[in-house]
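A.B. asks: If you want the building blocks of each chain, they are given just below.
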Amino acid sequence: NAGVTQTPKFRILKIGQSMTLQCTQDMNHNYMYWYRQDPGMGLKLIYYSVGAGITDKGEVPNGYNVSRSTTEDFPLRLELAAPSQTSVYFCASSYGGGGAYNEQFFGPGTRLTVL
Amino acid sequence: GIQVEQSPPDLILQEGANSTLRCNFSDSVNNLQWFHQNPWGQLINLFYIPSGTKQNGRLSATTVATERYSLLYISSSQTTDSGVYFCAVEIGGSYIPTFGRGTSLIVHP
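For the protein sequence lines, the chains are A and B, in the order given. Counting the first sequence from 1 gives a position; our numbering is that position plus 1. Counting the second sequence from 1 gives a position; our numbering is that position plus 1005.
Hints listed in this document are in silico derivations from the structure and should not be mistaken for laboratory results. Glycine included, each C-beta is placed from N, C-alpha and C at the ideal position. Some clues are possibly wrong.
Reference excerpt, derived from the structure (chain A facing chain B, CB under 7 Å, subset only) [to be verified]: (1) D39; (2) P40; (3) G43; (4) V51; (5) I55; (6) A101; (7) F107; (8) P109; (9) L113; (10) T114.
With the rest of the complex left out, here is chain A:
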């Protein structure tokens, strides 16, 4: 199993550009999450999904969109990139359903800089 994979690893955007961060998991997990991590801070939840076709906002959703058309993929879309979106983005997944099934596994992250 590759686990949770993310592409790209690094990206520089200009203000106002758009991009999609890709996330794929091959563990047949139902739940998927997008987080951002700013320097010296913990992780803040952007969006999450409990299954294909179901998404919901987390703590910091503004400026982002997601979709979940398959169990495996959970792309994060940035529209009109702003310097405040400079961060490291992590995708995570879990089986879901409570108890140990909620143990999360993380991808390697995407480092995004908006100039």
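Here the structure of chain A is known, so what remains is to put chain B in place on it, guided by the hints.
C.D. replies: Chain B in isolation, oriented as in the chain A frame:
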């Protein structure tokens, strides 16, 4: 929402020393995880421990759910233990984990 406080925020050790990291939370939780973020940024699962005690090599963790805290013990620390340690908790019925701000650990040779 639930508050998660980790202490100490920073810790510097000599190789071979022992340490205890603490995670306090403000509400009853269903889930608690400890993660290690290595210097390359990768988040590694250490323990899934909503209650009780677990051990994995030089690391162990204890969660006392009734008193709303968890402890991570690192014994005989090594330079490879350096990084940031996060705890993340989840209250009952929520799909949303809340992360603490982490403890930054530096282990000197």
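A.B. asks: A separate judgement is required for each hint: does it hold in the structure or not?
C.D. replies: Quick rundown of the hints versus the structure:
Interface restraint check for A:D39: the shortest CB-CB distance to chain B comes to about 11 Å, outside 7 Å, so the restraint is violated. A distance limit of 7 Å between C-beta atoms decides the matter here; for A:P40 the minimum to chain B is near 11 Å, and the interface restraint is violated. A least Cβ separation of about 4 Å between A:G43 and chain B falls short of the 7 Å threshold, and the interface hint therefore holds. Interface hint at A:V51: satisfied, since its Cβ lies 6 Å from the closest Cβ of chain B, which is below the 7 Å cut-off.
Using the Cβ-Cβ criterion of 7 Å, the hint placing A:I55 at the interface with chain B is not satisfied: the shortest such distance is roughly 10 Å. Among the interface hints, the one on A:A101 holds; its C-beta lies about 6 Å from the nearest C-beta in chain B, closer than the 7 Å criterion. Satisfaction of the interface hint for A:F107 is found here, the shortest Cβ-Cβ separation to chain B being roughly 4 Å, below the 7 Å cut-off. A cut of 7 Å between beta carbons decides the hint on A:P109: the least distance to chain B is about 6 Å, and the hint holds.
Hint status for A:L113 relative to chain B: violated, with the closest Cβ pair at about 13 Å, above 7 Å. Taking 7 Å as the C-beta contact cut-off toward chain B, the hint placing A:T114 at the interface is violated, the least distance being around 14 Å.
Hint compliance for this structure: hints 1, 2, 5, 9, 10 are broken, all remaining hints hold.
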